[in-house]
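Engineer: Please model the complete structure; the sequences and the hints are all you need to start from.
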Amino acid sequence: MFYRQRRDAEAQVSHDSVPLALPLLPLAAGTSEVTTLYRELRKPLLRYLVCLGLTSDEAQDVVQDAFLNLQRHLASHGAQENIRGWLFRVAHNQARNRQTSYHRRFGEPLVGELDFLADEATPEQRLLEKEKFRRLAAGIRALTESERECLLLRAGGLRYREIGDVVGLPTSTVGDTVERAIRKLAEKCNV
Amino acid sequence: MCNVQGKLAAWLDGELPANEAAEVAQHLERCEECRGRAAAYKQVTETFTAYCDAVMQSKTQPRVPRWVPVLAAAIVFAGVLLLVFPRMRIKPPPVLTPTIADAYVPAALPAAAAPDAAPRKAVHKRHVAARTAQKQAAQWQPTESAVQIAIPADAMFAPGAAPKGMNFIAELSIAPDGSVKQVRLRQ
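The listed protein sequences derive, respectively, from chains A and B.
Position 6 (the first sequence) corresponds to 6 in my numbering; numbering is contiguous.
Position 68 (the second sequence) corresponds to 68 in my numbering; numbering is contiguous.
Mixed in with the good hints, there may be bad ones.
Unchecked claim - Residues from chain A that face chain B, not an exhaustive set, calculated with beta carbons under 8 Å:
id, residue
1, LEU46
2, CYS51
3, LEU74
4, LEU136
5, ALA155
What the hints assert, rightly or not - Which chain A residues stay away from chain B? Per the calculated CB distances, all over 10 Å, these:
id, residue
6, ASN69
7, ARG72
8, ASN93
9, GLN125
10, LEU152
11, ARG154
If you are wondering where the hints come from, they were derived from the structure by calculation, not from laboratory data.
Backbone N, C-alpha and C fix where the C-beta goes; we use that ideal spot for every residue, glycine too.
Structural biologist: See below:
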């Protein structure tokens, strides 16, 4: 009930708005930067976490914690290089701690829940779209955990170097992993 | 297999150094297979991004149960009906004023109430006839005060001319001056 009320309240607020918790923290250097980063990265972070298999509530909690950590990090004059990668890494680690079976959950095809996506499309288009997503979901299930995470972070707009920081791989390895993952999806899913 | 095939995703993502990116671009101009592969990679990337967006939307947006619109439409329809017909009431059926015949006829038919040796069919017919008579009497509204007289059929017809136990009821409407205004004979 609490989560539903909170979600409804959040739905009424713009997704770009800053949560109340951040301004209530002691103002420190970089507060405006945190606000800017929150507006820019909240949605990609949420999408990454939800696609990893977290529920919406879990993902929002993780994002909130990640930005609170960022606020503390900047307040304690921590390193400010690659803040975007830093945020994703914090969220990624928290998601790993919370989620013990996200491999299985991410692989669940969600075709049945995507009815509202193409309301304006014709039934044939919706059917084709569903079929395409179904094949892609099957292909995603066949990927390794590392390949899946690299693709998700890439879809979140991270560069290969930033992806490497998040998952702990060299940049060249990230490139090879992304190439291999996309090739698998293209060959198996025929999308 | 072309040697640039392992670099296509990085080339699409703009992750290659400038010299390598130019090399891949030149190769794609003359290699149809790699060009098709690059197009497929691009399509996979777009589909993957769309899929991630769809997953996020389906998990984060509150979904309205399918029965909610139906219920809402029913409520609106009921509201419209109430507004259009605010004073419409269901009228109760008209109450028929009981006449003397209703209360009097069964008691005035001793022959019908008495045990009878006649066949069952005849008894049934009599009951039906009595009920019909009651209905007719209920519908008939005398204009003035009325008197009912039960007359055995034997008293009016020769013995054996009428079925045994048959009765007639004469209803006399009495005018205010005491004279008989109307006579109604029924079985």
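Engineer: Hints first: check each against the structure and report whether it holds.
Structural biologist: Comparing the hints with the structure gives:
1. LEU46: Constraint on LEU46(A) satisfied, holds at 6 Å.
2. CYS51: 5 Å, holds
3. LEU74: Violated. Min distance 27 Å.
4. LEU136: 5 Å, holds
5. ALA155: At 5 Å from the nearest chain B Cβ, ALA155(A) passes the 8 Å test, so the hint holds.
6. ASN69: Consistent with the label, ASN69(A) stays out of reach of chain B, its closest Cβ about 22 Å off (over 10 Å).
7. ARG72: 26 Å, holds
8. ASN93: Correct as stated: the minimum Cβ-Cβ distance to chain B is 20 Å, above 10 Å.
9. GLN125: Answer for GLN125(A): holds, closest chain B Cβ roughly 13 Å.
10. LEU152: 7 Å, violated
11. ARG154: 7 Å, violated
Figure legend: structure checked against the earlier numbered hints; hints not met, in rising order: 3, 10 and 11.
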